[in-house]
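> Sequence:
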Amino acid sequence: QVQLVESGGGLVQPGGSLRLSCVGSGSASSMRAMGWYRQAPGKQRELVSLILSGGYANYASSVRGRFTISKENGKSTVYLQMNSLKPEDTAVYYCYAEYGSDTYWGQGTQVTVSS
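Counting with my numbering, you get residues 1 to 115 for the letters of the sequence shown.
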């Protein structure tokens with residue numbers, strides 16, 4: 001069973017930055033994609049950003065230009081650099097990974113943007 005361990009959430013003021021990390025226990029050679037979803041209170045879980053094993057990345061329109069996803073080559077590790085954070089970015093952020101034909105989720109890390 002693959003486990004995903006997230007870190008880096010917290011409380012930050014509007015305009016601030018945070019960096020999320022996710023380390024997966026699965027084999028990097030079988031990883032097809034990793035990324036981040038988020039879920040705000042009363043809302044559905046939504047895609048934030050996803051990066052494929054070959055390096056192609058996509059972003060939700062609401063975060064494009066402010067967030068940057070990256071991964072470590074040869075490792076099941078993905079990062080999300082979040083800049084210019086807004087109160088509407090407040091949510092639980094979940095790491096997501098595809099290994100072969102299976103998908104996995106992390107436990108989630110809270111990000112709160114507030115003054």
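Some hints here could point you the wrong way.
Claimed, not checked - Derived DEER-like restraints, expressed as beta-carbon distance ranges:
{"no.": "1", "residue 1": "14", "residue 2": "100", "range": "39 to 45 angstroms"}
{"no.": "2", "residue 1": "68", "residue 2": "32", "range": "17 to 23 angstroms"}
{"no.": "3", "residue 1": "1", "residue 2": "87", "range": "23 to 29 angstroms"}
{"no.": "4", "residue 1": "54", "residue 2": "16", "range": "19 to 25 angstroms"}
{"no.": "5", "residue 1": "112", "residue 2": "55", "range": "29 to 35 angstroms"}
{"no.": "6", "residue 1": "83", "residue 2": "27", "range": "29 to 35 angstroms"}
{"no.": "7", "residue 1": "75", "residue 2": "107", "range": "15 to 21 angstroms"}
{"no.": "8", "residue 1": "39", "residue 2": "66", "range": "28 to 34 angstroms"}
{"no.": "9", "residue 1": "3", "residue 2": "52", "range": "20 to 26 angstroms"}
{"no.": "10", "residue 1": "29", "residue 2": "83", "range": "19 to 25 angstroms"}
{"no.": "11", "residue 1": "87", "residue 2": "56", "range": "18 to 24 angstroms"}
{"no.": "12", "residue 1": "13", "residue 2": "74", "range": "31 to 37 angstroms"}
By construction, these hints were calculated from the structure, which means they are not laboratory data.
In this text, a Cβ means the ideal position worked out from N, Cα and C, and glycines have one as well.
> Range hint 29 to 35 angstroms: satisfied by the CB atoms of residue 83 and residue 27?
32 angstroms, holds
> Given the hint of 15 to 21 angstroms, is the C-beta distance from residue 75 to residue 107 inside that range or not?
20 angstroms, holds
> Range hint 17 to 23 angstroms: satisfied by the CB atoms of residue 68 and residue 32?
For residue 32 against residue 68, whose Cβ atoms are near 20 angstroms apart, the range 17 to 23 angstroms holds.
> Has the hinted range 19 to 25 angstroms been met by the Cβ atoms of residue 54 and residue 16?
32 angstroms, violated
> Please check whether residue 3 and residue 52 have a Cβ separation lying inside 20 to 26 angstroms.
21 angstroms, holds
> Quick check: does the Cβ-Cβ distance between residue 39 and residue 66 fall within 28 to 34 angstroms?
Roughly 19 angstroms apart at Cβ, these two residues miss the hinted range, so it is violated.
> Are residue 112 and residue 55 spaced within 29 to 35 angstroms by their CB atoms?
Hint holds: Cβ distance 31 angstroms, inside 29 to 35 angstroms.
> Could you say whether the range 39 to 45 angstroms given as a hint is met by the Cβ separation of residue 14 and residue 100?
Since the Cβ atoms of residue 14 and residue 100 sit about 40 angstroms apart, the hinted range of 39 to 45 angstroms holds.
> Regarding residue 29 and residue 83, is the given constraint of 19 to 25 angstroms on their beta-carbon distance met?
32 angstroms, violated
> Between the beta carbons of residue 13 and residue 74, is the distance compatible with 31 to 37 angstroms?
36 angstroms, holds
> Is the hinted range of 23 to 29 angstroms satisfied by the C-beta distance from residue 1 to residue 87?
36 angstroms, violated
> Between the beta carbons of residue 87 and residue 56, is the distance compatible with 18 to 24 angstroms?
30 angstroms, violated
Consistency with the previously given hints fails for numbers 3, 4, 8, 10, 11, ordered from lowest to highest.
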